[in-house]
Amino acid sequence: MSKIKKGTVYLFPVTLGSNENIQKVIPAYNYEVLYGIRVFIVENIRTARRFIKKSGHPVPIDDMQFFELNKYTSEEAVDAFLRP
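The sequence shown runs 49 to 132 under the working numbering.
By construction, these hints were calculated from the structure, which means they are not laboratory data.
There could be a bad hint or two in this list.
Said to hold, decoys possible - Computed beta-carbon distance windows for the label pairs: (1) R131 x L59: 28 to 38 Å; (2) T56 x A128: 16 to 26 Å; (3) K72 x I52: 38 to 48 Å; (4) V73 x S122: 32 to 42 Å; (5) K51 x R94: 33 to 43 Å; (6) K72 x L130: 16 to 26 Å; (7) Q71 x F114: 16 to 26 Å; (8) V107 x T63: 14 to 24 Å.
Think of the CB as a built atom: it goes at the ideal place given N, C-alpha and C, for glycine as much as any other residue.
Make a model of the complete structure from these sequences and hints.
Right, here's the structure in full:
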């Protein structure tokens with residue numbers, strides 16, 4: 049029997065309103081973790097992409113993968129997000 053590969057879920061706060069000077073609002077450690085992630089489950093893709101771009105993420109946005117999770121997301125879609 050094979051072991052199920054477990055991942056880690058990180059919750060990142062996204063600033064409200066203008067995203068100017070976000071480095072002053074969010075702790076540096078959060079950026080270290082954020083910069084190591086390429087697959088995101090987000091409430092709103094557009095807002096998340098803006099935030100990640102403003103954060104200075106070293107990977108181009110188009111090379112990342114985004115899944116939207118909100119009140120309209122089906123259970124089947126959530127299951128698909130979490131598959132390795």
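Structure-based check of all given hints:
Taking the beta carbon of each, R131 and L59 are about 20 Å apart, not inside 28 to 38 Å as hinted. At roughly 18 Å, the beta carbons of T56 and A128 sit within the given window of 16 to 26 Å. Between K72 and I52 the beta carbons are some 40 Å apart, a value that agrees with the proposed interval 38 to 48 Å. Separation of V73 from S122 is about 34 Å and conforms to the stated range, judged on CB atoms against 32 to 42 Å.
At about 37 Å, the CB distance of K51 to R94 agrees with the hint of 33 to 43 Å. Checking the proposed 16 to 26 Å range against K72 and L130 shows it is violated: the Cβ atoms sit about 33 Å from each other. Checking the proposed 16 to 26 Å range against Q71 and F114 shows it holds: the Cβ atoms sit about 22 Å from each other. A hinted range of 14 to 24 Å for the beta carbons of V107 and T63 is consistent with their spacing of about 20 Å.
Checked against the numbered hints given earlier, this structure breaks hints 1 and 6; the rest are met.
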